[in-house]
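Given chain C's structure and the hints, the job is docking chain U onto it.
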Amino acid sequence: MIVSLAQPYADKKIKAQQALYNVIDPELFVNVIDLGLIYDIAFDEENNITVTMTLSTPHCPMGEAITNGVRNALEMTFPGHTINIMLTFEPKWNFEMLTEEGRAQLGV
Amino acid sequence: MSDINIGKAPPNSAVLPFYATGAVGFWVLCLLLMMGSHSFANHYFNPRLLAIVHTAALGWGTMIIFGAAHQLLPVICERDLFSPLLASLSWYLLTAGAGLLIYAFWTMQTGSIMISGGFLILLATLAYFINVIFTGNVCVHCSIERLFVFSSAFWLLFTAAAGVLLAVNLVHPLFKKNHLDLLKLHSHAGLAGWFLQLITGVSSKLVPMFLLGKSGKDKLLRYSFILQNAGLLLFLCDGYFFEVTPSRIIIYVALVVSGIICWLLYLYDTFRNRARKKADVHMKQTFLSFVCLGIAILLTPLLLFADDYRWSIVYGTFLFMGWITGIVLGKTFKTLPFIVWNAHYKNLSGKARVPLPKNLYNEVLVQWQFRIFIVAIILLVAGILLNAVIVIQVASVVWLLLASVYLFNVIKVLLHKTTILS
Numbered sequence: 001m002i003v004s005l006a007q008p009y010a011d012k013k014i015k016a017q018q019a020l021y022n023v024i025d026p027e028l029f030v031n032v033i034d035l036g037l038i039y040d041i042a043f044d045e046e047n048n049i050t051v052t053m054t055l056s057t058p059h060c061p062m063g064e065a066i067t068n069g070v071r072n073a074l075e076m077t078f079p080g081h082t083i084n085i086m087l088t089f090e091p092k093w094n095f096e097m098l099t100e101e102g103r104a105q106l107g108v
Numbered sequence: 001m002s003d004i005n006i007g008k009a010p011p012n013s014a015v016l017p018f019y020a021t022g023a024v025g026f027w028v029l030c031l032l033l034m035m036g037s038h039s040f041a042n043h044y045f046n047p048r049l050l051a052i053v054h055t056a057a058l059g060w061g062t063m064i065i066f067g068a069a070h071q072l073l074p075v076i077c078e079r080d081l082f083s084p085l086l087a088s089l090s091w092y093l094l095t096a097g098a099g100l101l102i103y104a105f106w107t108m109q110t111g112s113i114m115i116s117g118g119f120l121i122l123l124a125t126l127a128y129f130i131n132v133i134f135t136g137n138v139c140v141h142c143s144i145e146r147l148f149v150f151s152s153a154f155w156l157l158f159t160a161a162a163g164v165l166l167a168v169n170l171v172h173p174l175f176k177k178n179h180l181d182l183l184k185l186h187s188h189a190g191l192a193g194w195f196l197q198l199i200t201g202v203s204s205k206l207v208p209m210f211l212l213g214k215s216g217k218d219k220l221l222r223y224s225f226i227l228q229n230a231g232l233l234l235f236l237c238d239g240y241f242f243e244v245t246p247s248r249i250i251i252y253v254a255l256v257v258s259g260i261i262c263w264l265l266y267l268y269d270t271f272r273n274r275a276r277k278k279a280d281v282h283m284k285q286t287f288l289s290f291v292c293l294g295i296a297i298l299l300t301p302l303l304l305f306a307d308d309y310r311w312s313i314v315y316g317t318f319l320f321m322g323w324i325t326g327i328v329l330g331k332t333f334k335t336l337p338f339i340v341w342n343a344h345y346k347n348l349s350g351k352a353r354v355p356l357p358k359n360l361y362n363e364v365l366v367q368w369q370f371r372i373f374i375v376a377i378i379l380l381v382a383g384i385l386l387n388a389v390i391v392i393q394v395a396s397v398v399w400l401l402l403a404s405v406y407l408f409n410v411i412k413v414l415l416h417k418t419t420i421l422s
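From first to last, the protein sequence lines are chains C and U. Each residue of the first sequence is one higher than the one before, starting from 1 at the first, in our numbering. Each residue of the second sequence is one higher than the one before, starting from 1 at the first, in our numbering.
For the record, the hints were derived by calculation from the structure and aren't laboratory data. Treat the numbers as computed from the prediction; the structure is a model and nothing was measured. Each hint should be verified, as a subset may be incorrect.
To be verified - Sample of chain C residues facing chain U (criterion: CB under 8 Å; computed from the structure):
(1) Gln17
(2) Val23
(3) Phe29
(4) Pro61
(5) Met62
(6) Glu64
(7) Asn72
(8) Ala104
(9) Gly107
Claimed, not checked - Okay, derived cross-link-like pairs now, DSS-like style, lysine-lysine, Cα gap no bigger than 30 Å in a straight line:
(10) U:Lys417 / U:Lys334
(11) U:Lys277 / U:Lys184
(12) U:Lys217 / U:Lys284
(13) U:Lys358 / U:Lys417
(14) C:Lys92 / U:Lys417
(15) U:Lys346 / C:Lys13
(16) U:Lys358 / U:Lys278
(17) U:Lys278 / U:Lys205
(18) C:Lys13 / U:Lys351
(19) U:Lys358 / U:Lys334
(20) U:Lys346 / U:Lys277
(21) U:Lys177 / U:Lys217
(22) C:Lys92 / U:Lys214
(23) U:Lys334 / U:Lys277
(24) U:Lys284 / U:Lys346
(25) U:Lys334 / U:Lys284
(26) U:Lys214 / U:Lys346
(27) U:Lys219 / U:Lys334
(28) U:Lys334 / C:Lys92
(29) U:Lys334 / U:Lys412
(30) C:Lys12 / U:Lys346
(31) U:Lys277 / U:Lys177
(32) U:Lys351 / C:Lys12
(33) U:Lys205 / C:Lys92
(34) C:Lys92 / U:Lys351
(35) U:Lys205 / U:Lys412
(36) C:Lys12 / U:Lys417
(37) C:Lys15 / U:Lys351
(38) U:Lys358 / U:Lys412
(39) U:Lys205 / U:Lys219
(40) C:Lys15 / U:Lys346
Cβ atoms here follow ideal geometry from the backbone N, Cα and C, with glycine treated the same way.
Here chain C stands alone, though its shape is the one from the complex (with noise of 0.2 Å):
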């Protein structure tokens, strides 16, 4: 997910980008961002932040996991807010989408 300053609330995108950084797969010990999992995130006037993202696999096992530490992690970086994540599996996820550091980090 690449965030241009020109968006709107293009702060608090950074701002949630940097806490998700914190999330990490537990069975891969990379960040989701990194994984490239998180596909978008929306700001709204009513407070809502809206997540689309996706798993590595459909049911994946540690798929609670993994969405229940992107909720905490933005209900403490943003207080008040209301979290909503919405999975997709459109695009699937496939290894193209790690970032540079997530590569290095899998050693690809």
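Chain U in isolation, oriented as in the chain C frame:
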């Protein structure tokens, strides 16, 4: 949250008792191996060896596989487990049944104890079969992995039913055929039907997940399914209805082996197209288990044409102690710590610094487990081939050490207390 169902892990009561009992079962197996070392120097149809084989197949292999399968069925079928209650029930039935059956074999008490044990195991496999069928019933995507899991559950039920009939046959003859010939059909339905097909299906789903790999060669798995089942079905029908000859057995073995090769080619393709380059000790242990399976297959001609029962025992040793034990040892710490971690930390993730699943067990001991396993299997096979009871006894001590290390690490994971890192 969107309406995509990412699924809930089954309750721990449907999974963890199997792992705990399986680890104890492995320790008991190695103890029986030590107490019954002499039986490895005799013909394979002896009470002690039958007790050891059934401890390996039921108290160890099937026990752990049931636990892992209840956890993984939702992953494979992309749907929540149909009935955690049935899963728990299958644990009670399998534990009681395996206990009775192993005791009956060890003391060679044919009759009510052996038949009751077999019947309880049959009920356990029926409970598992129902869970598999109904969990997979409304699969979002019909996959070949799911078909393997279905067929393996069917073959397990078939094997257990045949086992009960064989137990009855020892007291009230039901079959005209030689009991030893029927025993071969029963054991190969279990090995090539239950264990092989379950491991093929689950590994085809999990290995790509663990390696972050992918293979576009799904048709290899379809060929594998057809070949494995065709070979097994022909072997069973020929063996039961006709007088199967070694030359025909070779054809059936060739079919099953072709199926295994297709499956291994699929895994190799996944391995080549993986993101995760470094193979950890768990993957190395799994690879070694495949080597043991390969050696067992290569021994088949000796089994058929060499008039020496030792080859049958070496063949069984490579399958039960090399292949099945190897793969269970390799996969336990790729599954159990994650299951326990999920229960302790899934709600704390992102809130506080928590241990990772790999911190729940002792990694150094897993490395040692791998090394001890290699020594143990080499010593045991050497002892059998040399017909040297003293070597088998030394091997059994090494096996007991291995089981103790494994049991310690499993208990460490199971007794983990929630910890927040500072």
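Evaluation of the provided hints:
no.: 1; hint: Gln17; in the structure: 14 Å, violated
no.: 2; hint: Val23; in the structure: 5 Å, holds
no.: 3; hint: Phe29; in the structure: 6 Å, holds
no.: 4; hint: Pro61; in the structure: 6 Å, holds
no.: 5; hint: Met62; in the structure: 7 Å, holds
no.: 6; hint: Glu64; in the structure: 5 Å, holds
no.: 7; hint: Asn72; in the structure: 4 Å, holds
no.: 8; hint: Ala104; in the structure: 12 Å, violated
no.: 9; hint: Gly107; in the structure: 5 Å, holds
no.: 10; hint: U:Lys417 / U:Lys334; in the structure: 19 Å, holds
no.: 11; hint: U:Lys277 / U:Lys184; in the structure: 41 Å, violated
no.: 12; hint: U:Lys217 / U:Lys284; in the structure: 23 Å, holds
no.: 13; hint: U:Lys358 / U:Lys417; in the structure: 14 Å, holds
no.: 14; hint: C:Lys92 / U:Lys417; in the structure: 36 Å, violated
no.: 15; hint: U:Lys346 / C:Lys13; in the structure: 25 Å, holds
no.: 16; hint: U:Lys358 / U:Lys278; in the structure: 16 Å, holds
no.: 17; hint: U:Lys278 / U:Lys205; in the structure: 19 Å, holds
no.: 18; hint: C:Lys13 / U:Lys351; in the structure: 19 Å, holds
no.: 19; hint: U:Lys358 / U:Lys334; in the structure: 9 Å, holds
no.: 20; hint: U:Lys346 / U:Lys277; in the structure: 28 Å, holds
no.: 21; hint: U:Lys177 / U:Lys217; in the structure: 43 Å, violated
no.: 22; hint: C:Lys92 / U:Lys214; in the structure: 13 Å, holds
no.: 23; hint: U:Lys334 / U:Lys277; in the structure: 17 Å, holds
no.: 24; hint: U:Lys284 / U:Lys346; in the structure: 29 Å, holds
no.: 25; hint: U:Lys334 / U:Lys284; in the structure: 12 Å, holds
no.: 26; hint: U:Lys214 / U:Lys346; in the structure: 27 Å, holds
no.: 27; hint: U:Lys219 / U:Lys334; in the structure: 27 Å, holds
no.: 28; hint: U:Lys334 / C:Lys92; in the structure: 24 Å, holds
no.: 29; hint: U:Lys334 / U:Lys412; in the structure: 15 Å, holds
no.: 30; hint: C:Lys12 / U:Lys346; in the structure: 26 Å, holds
no.: 31; hint: U:Lys277 / U:Lys177; in the structure: 53 Å, violated
no.: 32; hint: U:Lys351 / C:Lys12; in the structure: 19 Å, holds
no.: 33; hint: U:Lys205 / C:Lys92; in the structure: 16 Å, holds
no.: 34; hint: C:Lys92 / U:Lys351; in the structure: 28 Å, holds
no.: 35; hint: U:Lys205 / U:Lys412; in the structure: 28 Å, holds
no.: 36; hint: C:Lys12 / U:Lys417; in the structure: 36 Å, violated
no.: 37; hint: C:Lys15 / U:Lys351; in the structure: 16 Å, holds
no.: 38; hint: U:Lys358 / U:Lys412; in the structure: 12 Å, holds
no.: 39; hint: U:Lys205 / U:Lys219; in the structure: 14 Å, holds
no.: 40; hint: C:Lys15 / U:Lys346; in the structure: 23 Å, holds
In summary, the structure is inconsistent with hints 1, 8, 11, 14, 21, 31 and 36 from the numbered list given earlier, while agreeing with the others.
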